[in-house]
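Undergrad: As a plain string of letters, each chain reads:
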Amino acid sequence: MIDVDLEQHVGSFVLRARFTADTPVVGLFGRSGSGKSTLINAIAGVTTPGRGHVRIDGVTLFDSEQRIDLSPQDRRVGYVFQDSLLFPHLSVEGNLLYGHHLRSTAVRFIEPRRVIGVLGLDTLLGRKSGALSGGEKQRVAIGRALLAQPRILLLDEPLASLDVPRRMEILDYIELLRDEFHIPIVYVSHSIEEITRLADTLVVLSDGNCVGAGDVDAVMGRLDLKPYTGRFEAGTVIEATVTAHDLEFDLTTLGFEGGELTVPGLNAFIGERVRARIRARDVSLAVQKPTGLSIVNVLPGRVTSIREESGPVADVEVAVGETLLTARITRRSLVQLGIHVEQELYAMVKSVSFDHRSTGYA
Amino acid sequence: MLPLNPEELGVIFLSLRVAIVSVACSLPIAVLVAYVLARARFPGKILVDAIVHLPLVLPPVVVGFALLVMFGKRGPIGSLLDQWFGIVFAFRWTGAALASAIMGFPLMVRAIRLSIEAVDQRLETAAKTLGGSRAWVFASITLPLALPGIITGVLLSFARGLGEFGATITFVSNIPGETETLPLAIYSLTQVPGGDARALRLSIVAVVLSVLALVTSEWLTARTRRAKSDDRR
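Same order as they appear, the protein sequences are chains S and C. Using my numbering, you'd call the opening residue of the first sequence number 1 and step up by one each time. Using my numbering, you'd call the opening residue of the second sequence number 1 and step up by one each time.
Same shape as in the complex, but just chain C (with noise of 0.2 Å):
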């Protein structure tokens, strides 16, 4: 069956740029919803924990529907950024990256927001009377001993994306070579005579890639585990 083709290759690289993309872009927005979930408390934070997981429990094709209307080359959005600094995500594969970005959004903020509830407060109190600022005590003390659930936040969102369809296909099209991700593509292959078996060759990519990104996820989660509680020897 292998090895695959240069178009094939080229839909592989795609969707893992776009879900790179998407994580790495929205991982820092993530990291500070979440700790402004976990420690804050303000009036109107069930509702900002609502809009948070609205991707989760919306249809992903309305998510796209809103992304169209919002981002699109005349939605509100769309034209100003176009304007100001010329980013178009209408028909773009960054389209597709800020749809999976998205759409893995209250995943990531939900494993990190746990992590970071589970790190003992006292620890912070301790580091601000050793001389701490607030933002030198998150960086420092915070973050790190959240390591685990920003790892496995990042994993759960990077999977979402690799395999994000509904809000991609409403929000970019399906464009070879721009926006036809792996799911895309697959799709289409099915919807042609005799594309099943290429169909199946993109399938089992998809499944080594995320068998590959959980692995990669696990060994890192281990190894800062252990890292924290080594040397007991």
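Chain S with its partners taken away, still in its complex shape (with noise of 0.2 Å):
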């Protein structure tokens, strides 16, 4: 369970953050500027706010009121830096176990072998880390935080100086420690598509103040929130269940709240949930049942709001049942067709991306 309510002032800009969360990850979304770094650095005890609490599964690091304020080396909190920042003086092996060596046993729970093998960094052991790799000195960052036998860990932007492959690589580290290793983790990032990779929770900052905080499929398909969740990146996330696998021409039917949807095979069992993204602009809309269409996913459903912009497009939020699905049309064609609130019509979905199976906690 994170508990925060923080507010501190920097020069002229003021943050104002709250926000509880009780699941494995929790997203922290925003511009930069937005106050994202200023958020995790007051939590890890880096800065100290002006108001508020922090705590982290009942146990304060930070109250204003009861003048509670441990220093960074009491909080246990695990920060991963945008840069790794390794020693540089000091081998793989020496950063990995620099904050082990300071904990007593009494706190110790995780063992550097076995943050060794699920980082994969034995090979890398005896390496000065001016030697590595940027997606490697990222694995020995993560390695060296959870070895400090941290309450939660803190990962503000950790692929943000990492190429693309690189990136993949990382994200598919995290999700292992997430499941293996049971910290809550907060993920910083300005990229939606981490972080609904990832998070649970997504808590959404903007100009220092939480403007959206909350389940991620909630708060993602909140129209009021896309001009910061990004126009370029709306869509909807849903939890579906895989169905029936055709094996013939390689799809997956998937189950949600709203109808069907098929999709290229997936490699997961029947009965598996999964999440999937529907970005807005693979949303198409008819008003009348298309035939002859290309397009395999067609949802029946209902116009709930629109939202228009001065640009070339707008944003059509539909209902499939329980479902609310965000279409990117452009205004002409919102004009051209007529199209309203309360009106019943067909939504045709041309891809769906998926992100992480939502194991969480086991």
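Keep in mind the hints are simulated off the structure, nothing from the lab. Hints are not guaranteed to be accurate.
So the derived list for chain C, only partly shown, Cβ under 8 Å to chain S, looks like this [what the hints assert, rightly or not]:
no.: 1; residue: Ala-127
no.: 2; residue: Thr-129
no.: 3; residue: Arg-223
Covered stretches of chain C, as calculated for chain S (at least 3 residues, CB under 8 Å) [to be verified]:
no.: 4; segment: 114 to 124
no.: 5; segment: 139 to 151
Where a beta carbon is used, it is the ideal one built from N, C-alpha and C, also for glycine.
Both chains are sitting in their own frames, so use the hints and assemble them into the complex.
TA: See the structure below:
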């Protein structure tokens, strides 16, 4: 359980952040300058907020009213920095064990051997940190934070300095450690893709304010947050269950509240839960039931809200059963088709992407 | 010209002893002062900075005279040290070491301070979040990373100590076997008829010692640098 309520003034910038989360991964999302780093620095105890509290699993790290302010070394907060910040004069092993040696045996619950195994660090141990690639550095940094026996892991844009293939690799490792070590993770990013892949709770920061906090699906679905979650990446996250495989055409059928989706064959068991993301730009609308169409997924629904801007596009929210899909269409189509709220129509889904299997805490 | 006679060897060993003792005793204080100047913010910091740099800009004779007044047998500090600890600086080789420590101090602090300032403070922050206390982080992160600057500071101060003349001769005078270091001996020889040849011999020794110190420091610095960025195999 993460319970954060903080207010901090840094020059003319004011951070007011308040959220609670009881899920394995909290995604902290915001543009640069929105206060993400200020917030996690305050959680780590690197800076001291003016007012508020930070509690992790019932342990108070900071409370302005009770005058509690643990020093960073006593907080046991595993902080992984954007540029890894490995100690250049120490070997990989020296870096990994730096925090491990400083914790008393009473609080140790993570063994070096386990961390080295999970993060695949065995072959790197003897090397100097300067001789590592970006992805290796970040893995060592994560291992180093884990071995300091943290109550919580703070990952501050851990992929920012990596190229795309490395990012995928590190994301896989982060998923692995989420499922392996059962430590709550706060994952900071300005990439909504990374966050929806990993996080269960989403906190959206803008200009130092928490503009949205809650379940990822719910927050991502909110049209009023679209300016923050991003117009290009707008979309819907749905929780679905694998219901059938079509081996002949290599297709998988997913069931969700509101209907079925057919997608390219997934490597998953029947009954397994997956998180599917449908981007707004991959959803088209038809006012009549379309025929002679190559698109497989046509879902009947009802328009619940329309968001128009001055640009060429408009976002239409369509309720398909219990699920709200967002469709991005041109404003001209909106006018020509006469789409209005409460209208019954068909949403056509061109493609679906998949985030992690929602394993969470077993 | 060589080998050297016992008298000359005595001068050389005394000089080395004075320089080594002065560096060894001033190093911990210099590291502390450099760290405070590099990292801390407090009112009066400029004043502390100015006092540290004073020996660099004052005539050495003035520094020697100030030492004589403060640390002399009857001086306010000198008399107390004598009473409490039995430490006497006046007209002893320890006084020569004190004089060269003071004269070398600004050079040492400056080099160490620059290298501490060059250490990424976020590395220290990272070490703290991993459970390191301030003192431990200083010892395990800041100091090793500032090592090249510390070596440079030690060399500069050592070389300055070997060459110290004005403050030494003013404070502890020129007593053969007790305070007569290399520069003082060379100076004395140039003042007696026919001493030029022996002054030259000692001067060559001074050059050799300085070059040796320089080479050693360069080698040490290169070694620490290499250790840091090693195995990019």
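Undergrad: Closer than 8 Å between Cβ atoms is the bar; does Arg-223 (chain C) clear it against chain S? Give me holds or violated.
TA: violated, 12 Å
Undergrad: Given Thr-129 (chain C) as an interface hint, is the shortest Cβ-Cβ distance to chain S below 8 Å?
TA: This hint holds: Thr-129 (chain C) lies near chain S, its Cβ roughly 4 Å from the closest one there, short of 8 Å.
Undergrad: Hey, does the Ala-127 (chain C) contact hint survive, CB to chain S under 8 Å?
TA: holds, 7 Å
Undergrad: Can you tell me if the segment 114 to 124 of chain C counts as covered by chain S, using C-beta to C-beta distances under 8 Å and a minimum of three residues?
TA: That given contact holds, which follows from 3 residues of the segment 114 to 124 of chain C lying within Cβ reach (below 8 Å) of chain S.
Undergrad: Taking beta carbons only, do three or more residues of the segment 139 to 151 of chain C come closer than 8 Å to chain S?
TA: That given contact holds, which follows from 4 residues of the segment 139 to 151 of chain C lying within Cβ reach (below 8 Å) of chain S.
When held up to the earlier numbered hints, the structure conflicts with hint 3 and nothing else.
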